[in-house]
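K.L.:
Full structure from sequences and hints, please.
In the working numbering, the protein residues as written are 59 to 278.
Derived from the structure by calculation, the hints contain no laboratory data. Errors might be hidden in some of the hints.
Below, simulated DSSO-like cross-link-like pairs (lysine-lysine); rule was C-alpha separation at most 30 angstroms, straight line [as the list claims (entries may be wrong)]:
# : residue 1 : residue 2
1 : LYS99     : LYS272
2 : LYS189    : LYS254
3 : LYS146    : LYS272
4 : LYS99     : LYS76
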Amino acid sequence: MAAKPQENERAVEDRPLKRAICLGGGGPAAGLHIGALEYLKGERRIDFNIWALSCIGAWVGVIYNQAETGDELQAVRRFFEDVFREDKSFESFPMNTIFAPDWAGNAEAMLEFILEPRNYRSAFLPRQIMKSFLHTASAIGRLAASRRRRVRFRNNEFEEIEELQNFSEGDFNRWILNDVLAVNPAVRFWTAMIYKSEITGLARLHYPDSRLLKQIDFAN
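P.N.:
Here it is as structure tokens:
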């Protein structure tokens, strides 16, 4: 026999109230999350049954929920004071204290690249070096033989070099790129190491034996 509408409404009213909170990602948002929790928990005395967390929001939620009752907000603050730099330090070094490069992993990848003979085959390109040398010598010769003209302005004479006027900043930068850097064996080798080796340059966070992760009680 179907329950009456009044009975269904009464059953819903008898259920314990559940509250959910969502803390999103984005490093600087941690401050917003902490501020929201201080207001909702500290001032409004609101507790949450459901936590939807992402990225930095997950760190806030995990630290908050593993803390002892009554110490949640202080625990979160203490944790993130060790993660984020003070303003004066951050001003010229804008990164947190925990996303460290994998120095050992990058060193291993660098050594593997250096010891591989195939990586040296295209580092030294004699034909391209000669071509760049001739191009540079030709450009210098044109500049040395550039035509000069005298311009009279209010009884003063000024010498103007036409060829230099036509050699723009863009031309100079392109010459540096293609006729200096691109044919330099050392530059070619180090550039290949950066782009073609297993060196990722990514920061690493998960060091199981680090003091940072030991602060987190994953089981709890």
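K.L.:
Now look at each hint and say whether the structure bears it out.
P.N.:
Evaluated hints:
In summary, the hint linking LYS99 to LYS272 is supported, as the alpha carbons are separated by about 26 angstroms, within the 30 angstroms threshold. Between LYS189 and LYS254 the CA atoms are separated by roughly 26 angstroms; this keeps the pair inside 30 angstroms, and the hint holds. This hinted pair checks out: LYS146 and LYS272 have alpha carbons roughly 28 angstroms apart, not beyond 30 angstroms. The suggested pairing of LYS99 with LYS76 holds, with an alpha-carbon distance near 15 angstroms, which does not exceed 30 angstroms.
Of the hints listed earlier, there is not a single one the structure fails to meet.
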